[in-house]
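Residue numbers (the working numbering), protein chains in the order written: chain A, 8 to 252; chain B, 8 to 252.
Please keep in mind that the hints were generated in silico from the structure rather than gathered at the bench.
Hints should not be assumed to be uniformly reliable.
No copy labels: a pair is met if it fits in one copy or bridges any two.
[To be verified] Within a straight-line C-alpha distance of at most 30 Å, the following computed DSBU-like cross-link-like pairs (lysine-lysine) qualify:
hint	residue 1	residue 2
1	K34	K209
2	K184	K78
3	K227	K252
4	K233	K245
5	K216	K179
6	K227	K246
7	K184	K245
8	K197	K61
There are 2 protein chains.
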Amino acid sequence: MNPTIENMLQHVSVRDFTDLPITAEQKDSLLAAAQHGASSEFVQAFSIIEITDKNLQNELSDITISSPHVKKADTFYVFVADLHHQATILRNHEMSLEPIKNMEPMIVSIIDTAIAAQNMAIAAESMGLGICYIGSLRNNISQVAELLHLPDFTIPLFGMTIGVPKFKNQLKPRMPKDNHVATNYYDESKFNDLSSYDQTVKDYYMNRKTHPTDTSWTDKNLAIFKEVHRPDIAEFLKKQGFSLK
Amino acid sequence: MNPTIENMLQHVSVRDFTDLPITAEQKDSLLAAAQHGASSEFVQAFSIIEITDKNLQNELSDITISSPHVKKADTFYVFVADLHHQATILRNHEMSLEPIKNMEPMIVSIIDTAIAAQNMAIAAESMGLGICYIGSLRNNISQVAELLHLPDFTIPLFGMTIGVPKFKNQLKPRMPKDNHVATNYYDESKFNDLSSYDQTVKDYYMNRKTHPTDTSWTDKNLAIFKEVHRPDIAEFLKKQGFSLK
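Isolated chain A (complex conformation) (with noise of 0.2 Å):
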């Protein structure tokens, strides 16, 4: 075990941060290491918009389930899912946009947009800083983009704050491997047994320091899906150009 993996280890959602700033290095560095992660076929179908504006952070706070952690950040990056380079190609060669509205490039711009947060992720946490994803900005998707005057053919998928830790959660425990770690097929038997993990979440929950709780990792997934989320993505994503065809 490296300290690149134990830093991967202790990974926690930080949401209170000293006033400390970031440097300019600081995010030079957050900023190569979300450009340098893998893209399928070099696409690198991702934007990054860092929000310096306060009264822009404020109006995209107030979008976000987190809104008075994401107002104080001093840190706040928008991740972007963008194949808009790859339509005004395109578009300056007057050939069909249908090969970028398919179903295909929208699900690599998501993957290579997560890559790169994620590589933003371990970076600041390598440097002792704290980060937290915000895909609550998907509350209200659409004046996202029009806050950030995104284009067509672009989906800003969440946001990320970073900054020096003040407080820091207790580490959550994952779910077990033999809940979705298996070898050549999916343990369809194995995999839906969830009673030792639920234990195992309901222990955490009730003993953890702050907002002790009882449920289980069964109840928690009944609370976030026992109705539709954010019913208006497919819409928005229609609206940006995608076919979802």
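Position chain B relative to chain A; hints supplied.
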């Protein structure tokens, strides 16, 4: 700059491995790293299938564009975007599956899976191993799902080969920050001025040691997007239960 970030900045896809196997301890670290990434609302919407059956590996390899490399790889994982746990929980509680069919959780599962995979990639590279994402499993995504016995609400997103590098490609020059990193707003005019980057990429391909070729980044993207790729992805997703709505 620390060793974690230095390693990330040297990332290249490796398709040529020595015969040295990866140890069981190394595999444990790789899987632990993958499991410890961030996950939206802690849904952990991914599974990992390690392929150890050489016949199965051959069948999967034949689907890819890097078939000889994938066939030979000592270690080969398939990363599956996976909401089947959640579907089972809802079924066990006789609740509607609509919230899982919706576009939002499908996107979450793709992001969670890419984050897990990139953690494994960084962990592997921190140990001196090389990796290659195998997106071309999506050449016949239905067949991959059949071969791995994948149930509904799962997507075999990509594979990853891992091994001790025998030969490493030269580092590819990334897109300049000016072309996809901006402050506060998407900067369409700067982002779309690819002339400088096109020259950089052309120089790279003309001067690289293996298969030198006269092509720019724009040329590459024109070639990739001149026709629809993998037109069956959307139908496959629907077959898996996703509504794409």
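Tell me the hint numbers this structure goes against, listed in increasing order. none
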